[in-house]
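A.B. asks: Both chains are given apart, each in its own frame, so use the hints to dock them into the complex.
Residue numbers (our numbering), protein chains in the order written: chain S, 1 to 328; chain E, 1 to 198.
Read the hints as simulated data drawn from the structure, not as lab findings. Keep in mind that the hints are not guaranteed to be accurate.
As a list, the in silico EDC-like pairs of lysine to aspartate or glutamate whose alpha-carbon atoms are at most 20 Å apart [stated by the list, open to error]:
1) S:Lys250 x S:Asp141
2) S:Lys199 x E:Asp115
3) S:Lys184 x S:Glu222
4) S:Lys199 x E:Glu51
5) S:Lys199 x E:Glu11
6) E:Lys4 x E:Glu16
7) S:Lys199 x E:Glu145
Read off the chains here:
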Amino acid sequence: MLVLGVESSAHTFGVGVVDRGKVLANEKSMYGISTTGMVPRNVAQHHIQSANAVVSAALGKAGIDIRDVEGVGYTKGPGIGTCLQVGQIVAKTIASKLHVPIAPVNHAIGHIEIARSMSGLRDPLVLYVSGGNSQILKVLDHTNADRLHYSVLGETFDIGVGNMFDSFARHLGLDPAWGSSVEKVAANGRYIQMPYTVKGMDFSFTGLLTHSIKAIGSHPREDVCFSIRETAFSMLCEATERAMLMTSSKELCVCGGVAQSARLRWMLQSVASEHGARFGYAANEFNADNGAMIAFVAERMLNAAVRTALKDCTIEQRYRAERAEVFQ
Amino acid sequence: MSAKEIARGAEAIVYETRIAGIKVILKLRNPKAYRVAELDMQLRSSRTKKEAKIMSRALAHGIRAPMLVGVGRASICMEKVDGKLMKDVRISARTAASAGALLGALHNAGISHGDFTPANIIIEGSGRLCIIDFGLSEITSGPEEKALDILLMKRQLAKRLYGGFTRAYARTASGSAETLRRLEGIEERGRYQSRALE
Chain S
1 MLVLGVESSA HTFGVGVVDR GKVLANEKSM YGISTTGMVP RNVAQHHIQS ANAVVSAALG
61 KAGIDIRDVE GVGYTKGPGI GTCLQVGQIV AKTIASKLHV PIAPVNHAIG HIEIARSMSG
121 LRDPLVLYVS GGNSQILKVL DHTNADRLHY SVLGETFDIG VGNMFDSFAR HLGLDPAWGS
181 SVEKVAANGR YIQMPYTVKG MDFSFTGLLT HSIKAIGSHP REDVCFSIRE TAFSMLCEAT
241 ERAMLMTSSK ELCVCGGVAQ SARLRWMLQS VASEHGARFG YAANEFNADN GAMIAFVAER
301 MLNAAVRTAL KDCTIEQRYR AERAEVFQ
Chain E
1 MSAKEIARGA EAIVYETRIA GIKVILKLRN PKAYRVAELD MQLRSSRTKK EAKIMSRALA
61 HGIRAPMLVG VGRASICMEK VDGKLMKDVR ISARTAASAG ALLGALHNAG ISHGDFTPAN
121 IIIEGSGRLC IIDFGLSEIT SGPEEKALDI LLMKRQLAKR LYGGFTRAYA RTASGSAETL
181 RRLEGIEERG RYQSRALE
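Pulled out of the complex, with its shape left as it was, chain E reads as follows (with noise of 0.2 Å):
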């Protein structure tokens, strides 16, 4: 078995590779050689639980995510997605409306992404789109999580296409003028303009 290093995060190495044929992905959290060994074996293998959960929770309520194939203490197996990353393609006004439903969808489900970005999202050949990298999630019903999964994503998005997501988020996600209200006031606060300075 061959497994070919396809990222390497602050947390985590990803890999690919095959199992029984078919493509997965590996996700292993490993060691810190900084950290005491109790430490980081204890944060390794919470954080791996934390993530297999909401995964199949996101699973549960009909979102598209990767397929969990099997939790290790500290590494996940899931269903290798298809398709190109909603970072490296133009994105359409279609694509970032689905990109709105698919947050009202994770919103509904009581999930908090973390790091809602187009690195995280795959779109599939049928145009239909998968979000992946649990890694950073939280089980939340609170608006300043999910404000926050806006605002991550309205950073990136250019201004023409981020009314459409809005729209599509609104009328997906129940509760969501409570959310948007308190994303003007996240944007308000004084942290965020003192470190905008440029």
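Isolated chain S, as found in the complex (with noise of 0.2 Å):
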């Protein structure tokens, strides 16, 4: 089935199509997020300015008509209100224009059911990192096949992982991207202490990243970009870990903004492989928000028969992932 998929939960609007699960485009326009942050009603603005250009060229790349799309999928949360809205209306309107079928998506799922088809893995533990989100989860119960979700196992309890890299790289003068510009930063860096919060396999960033602005002015800039970085994903392992040793997992994902860094995936795979797991993740353009996870996951609701009213497509800022259900 040919579906077209519409995200637009943060600062990125993409636009993706799918055909019987293979991407064939992938395209997106991001919102500058570099000194002030994601000011709701201006990134709104952006992806009402861009959706029109963004469509055309997914459909370019795909090399299809906007006739031969036989379903929408949209991001119906967890988001920024204003920014769902835009590609919520951009789907239903195509989908009322073609009398096709739509899917609301739970983004969360999105970025979960890529990495783990793209990854060729079958039922793996999954650390989600990204700028607003930090969680762990797994599919517990697989005996209900026609009913499967996701278990939340642990995650923050205050703000993601990518959020925490973001506001300290504004206090740098750097540009906030998944931790990227620290990341370069620390790349000569030494270790000094830092606060570690992890309970059990939840864990807390905020201790972090005050005791990191304010050490700004006591230690070379490369030292704390080295360390809060090297604690940060630190936590994020033990918390994995110890997720793995309860469920016997013998599989690992990792997917997400976050999970384009380098040094966190070498770690995880450290991980998986004491623990005799095989390890995998997408490739950065489907880790970073992407229509083309929207499009793979509506497609295969749309397959299982699926279907939802357009009255009935609406967003939802707190969607959270345990409560989409997932087809395989």
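C.D. replies: Written as structure tokens, this is what we have:
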């Protein structure tokens, strides 16, 4: 089924085209967040202005006409309300014009399912790390194959790890981008002691952020960058390792914006190897927010004959991953 | 000296071995390859130090826990306690009540155990209970950590045993009314509801 997916939960307006699980196009436009962060009204404005061009670019890349589209998906949540609305309206407009079915998709499930598929893992423990989210998830109950859903085993008590990196980067006058700019400065750093907060399989990042911002004045910046990164990633690895042991997982998958970090991947590979588990992740374009993952999940939902009336195509800012049904 | 591995957790490996003919347990916080060396050593040694400190505190308050034999930078050597794990037996009403009294005594000593489950309680031949694994323990007087200890055991106990466990806890622990009120509050929190979808 040729499905077009629209993602607009945060700073990225993305459109992807998927056919039988194969990604034909994955186009996007990003709102610049470098100095001010995300002002909801302004980001929504950017999405409205980009929508037409990004949809056209995706259709062109896929080499199809809009009339070829057989189904539509959009991000229902979680995300910023004003931003989600833009994608919702674009998707509903296309679906009603073409008289094709439409599927509301959970953003987290989008990241997880495309990463699971592209890494070739069957039943992995998942670490989902992005700006707004940091969670450890797994499908625990496989007995009823018709009603599968992920359970959250552990998560952040406060902010997402990507959000922590972005706030810290802004204090240093660096570009906030999932920690990549902090990572570059960290290259020759040495470790200084930082607050480390893991409680079982949960963790928190605000203490580490506050301490790191205060340390900027009294320590070389490469040392602070190195230490905030190493501490945050070690916390995630410890919680993940505990969850792997608890669930006896033999597969580990990382996804979300922060999964683009080579250092985090190396550390998780090390955790997986120690327990004889396979480790995998998707290509970077699918870890950053994108429309292809929404089209990917929407196609599976529509193939499973999930039908949602246009009037029920809502958005939900706090749509948690556990509540979304998963289709193979 | 030969050591037999008996448990492997996320943080430590537990061995059984002999020192001068006496059976002992050796808990070793092994290095993690993913961590930078400084953070790795800092975590392993501070957690070992804290665990040993809380174990001695429990022993000093007359609570049955393994005797400490020695403490290294990232290792603790302790008495091997003979008996059966509470998780491996059919739990009697008497045992459930003893577990309640044991938790009350720990809380009176200012210790929250952090992992108070039948997997961490040994029933000795005499029927006496011995509490093990202080790896997640904290020194605390707050109701939150104490209530979480009760919650963890509650999830593992059969309904018919929970009443006896709680009554024995309430008889032993000072300030138990506040802790039990907090427990109700925790169970009503959204996070626990959203995680218990099934």
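A.B. asks: Hint by hint, say whether it matches the structure.
C.D. replies: The hints, checked one at a time:
no. : hint                : verdict
1   : S:Lys250 x S:Asp141 : 16 Å, holds
2   : S:Lys199 x E:Asp115 : 11 Å, holds
3   : S:Lys184 x S:Glu222 : 9 Å, holds
4   : S:Lys199 x E:Glu51  : 15 Å, holds
5   : S:Lys199 x E:Glu11  : 13 Å, holds
6   : E:Lys4 x E:Glu16    : 5 Å, holds
7   : S:Lys199 x E:Glu145 : 11 Å, holds
Hint compliance for this structure: every hint is met.
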